Amino acid sequence: MPKITYNTPDNKTHTVEVQNGLTVMEGAVQNDIPGIDADCGGGMACATCHVYVKEDWFNRLPKKEDGEEDMLDMAFEPKKNSRLSCQLIVSDELDGLVVNIPTKQA
Amino acid sequence: MNKTDALIIGAGPTGLFTAHQLNLIGLSCEVVDNLDKIGGQCIELYPDKPIYDIPAVPECTGEQLTNNLINQLKPFDIKFHLNQRVEEVKRDNESWIVKTNSGTTFLTPNVIIAGGVGSFEPRKFSVKECEYYENKSVFYSVKDKKIFEGKTVAIFGGGDSALDWAVELSKNSKVNLIHRRDEFRGAEATVNKMRTLVKEGKINLFTKYQMTSVKGNGQLESIEIKNDEEEKKNIKADFALGFFGLIMQLGPIANWGLNLDKKTIEVDTEKFETNQKGIYAVGDICSYPGKLKLILSGFHEGALAARACFKLARPNEKYRFEFTTTSANLLKRLGKKE
Chain A
5 MPKITYNTPD NKTHTVEVQN GLTVMEGAVQ NDIPGIDADC GGGMACATCH VYVKEDWFNR
65 LPKKEDGEED MLDMAFEPKK NSRLSCQLIV SDELDGLVVN IPTKQA
Chain B
24 MNKTDALIIG AGPTGLFTAH QLNLIGLSCE VVDNLDKIGG QCIELYPDKP IYDIPAVPEC
84 TGEQLTNNLI NQLKPFDIKF HLNQRVEEVK RDNESWIVKT NSGTTFLTPN VIIAGGVGSF
144 EPRKFSVKEC EYYENKSVFY SVKDKKIFEG KTVAIFGGGD SALDWAVELS KNSKVNLIHR
204 RDEFRGAEAT VNKMRTLVKE GKINLFTKYQ MTSVKGNGQL ESIEIKNDEE EKKNIKADFA
264 LGFFGLIMQL GPIANWGLNL DKKTIEVDTE KFETNQKGIY AVGDICSYPG KLKLILSGFH
324 EGALAARACF KLARPNEKYR FEFTTTSANL LKRLGKKE
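Protein sequence lines correspond, in order, to chains A and B. Heads up: the first sequence is residues 5 to 110, going by our numbering. Heads up: the second sequence is residues 24 to 361, going by our numbering.
In short, the hints are calculated from the structure, not lab data. Given the structure is predicted, the values throughout are model-derived calculations rather than measurements. Treat the hints with caution; some may be incorrect.
Said to hold, decoys possible - Coverage of chain B stretches by chain A, computed from C-beta distances (three or more under 8 Å per stretch; other residues unrestricted):
1) 179-191
2) 204-213
As the list claims (entries may be wrong) - If you want the footprint, here are the derived chain B segments under chain A, 3+ residues with CB under 8 Å:
3) 64-77
4) 258-270
Every residue gets a Cβ at the ideal spot worked out from N, C-alpha and C, and that includes glycine.
Take the sequences, apply the hints, and build the full model.
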């Protein structure tokens, strides 16, 4: 199973195995990794599963849909490497992905 | 003080159907919601998105679902208290006294929390110092546009609210519009209007910029913004307006002595009652083993909580289960029979 690494704002690193087909958001929620609220449950409607993707990974991810960029307008301190983790579907290609969780979701 | 058999907190689909079930079995209810409209997440987050898993409704949008639920409540007289957030729930003998932030109070034996993921609140600037100026020179909504006349206003955001206010305030104020990217998600017509005003020099537009700090002395004086290339700009600002949409916050519910699990309220699956007698939680906000965050689950939970309310609202009567197809009582309440 692909391994995804979540760095939390308390400087902890959580590396977990996430099943193919789940989202990076679900991987965090199911493994009780703090800092991903996912209020809307993955509907790209709330921007509370916001993550910063490690630079070298950013361009390797599937492109954002329009709606994702719109939602990122609302995220807490969005940056160039911001993504909504509910839109990142885990696959073998994402094995080793590293994301940083922001200090707050709102 | 408003006396009612049950008070519902939250006017989303679950709250609405719970109101239907209460009235159907002969109980009165009133509904409080922090939004200015009925419908909850369905209307605020996805009015145009189709939903495909409502039983017997192959496809409908959040808005259509809300309208259908409102229609279903037509036979009943239900009072809605919108734009109000419940602040306090206090025990008073066998009842609860409930107070909202507008000062409305209720006396009721039953409180049903159908609050989704909490109440919708405006998203705020990430710059901490903005808190000092909030409601003085930093705002997240406009109540009185006159205060901006002749002043310099910094408006942040890329949606319709930010654009509408930039266009409107540019008539009588100096407007700086700041957005984190070049694209705007607002309606095309408003975006075009804004761009015309930018060309005419009536709006200063800064894209790919975000706020980094604020300066002032009691009142806001200037703000610093920074772009992706780390270039900083200091701009004069008497006011800053942020329009970043709404976020759900559990808010005061956390202080009512209920057993919580993360952001949800623990309930039993017979009455959907919390650890407090007469307080129930239904819909997305409740948790129990096997809980599914589906609208259809909220309907089921509301129907059972409504029956539980009957016991406390009518302690001397016995609840009798009836079908709407056959019961003269129910048909009378639905206005289908004299």
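Claimed coverage, the region 179-191 of chain B by chain A - three or more beta carbons nearer than 8 Å: holds (count 3)
Per-stretch coverage check for the region 258-270 of chain B, three Cβ contacts closer than 8 Å to chain A: holds (count 3)
Coverage claim, chain A over the region 204-213 of chain B, checked by counting residues with Cβ within 8 Å (three needed): holds (count 3)
Outcome, coverage of the region 64-77 of chain B by chain A - at least 3 residues whose beta-carbon is closer than 8 Å to one in that chain: holds (count 4)
Hint compliance for this structure: no hint is broken.
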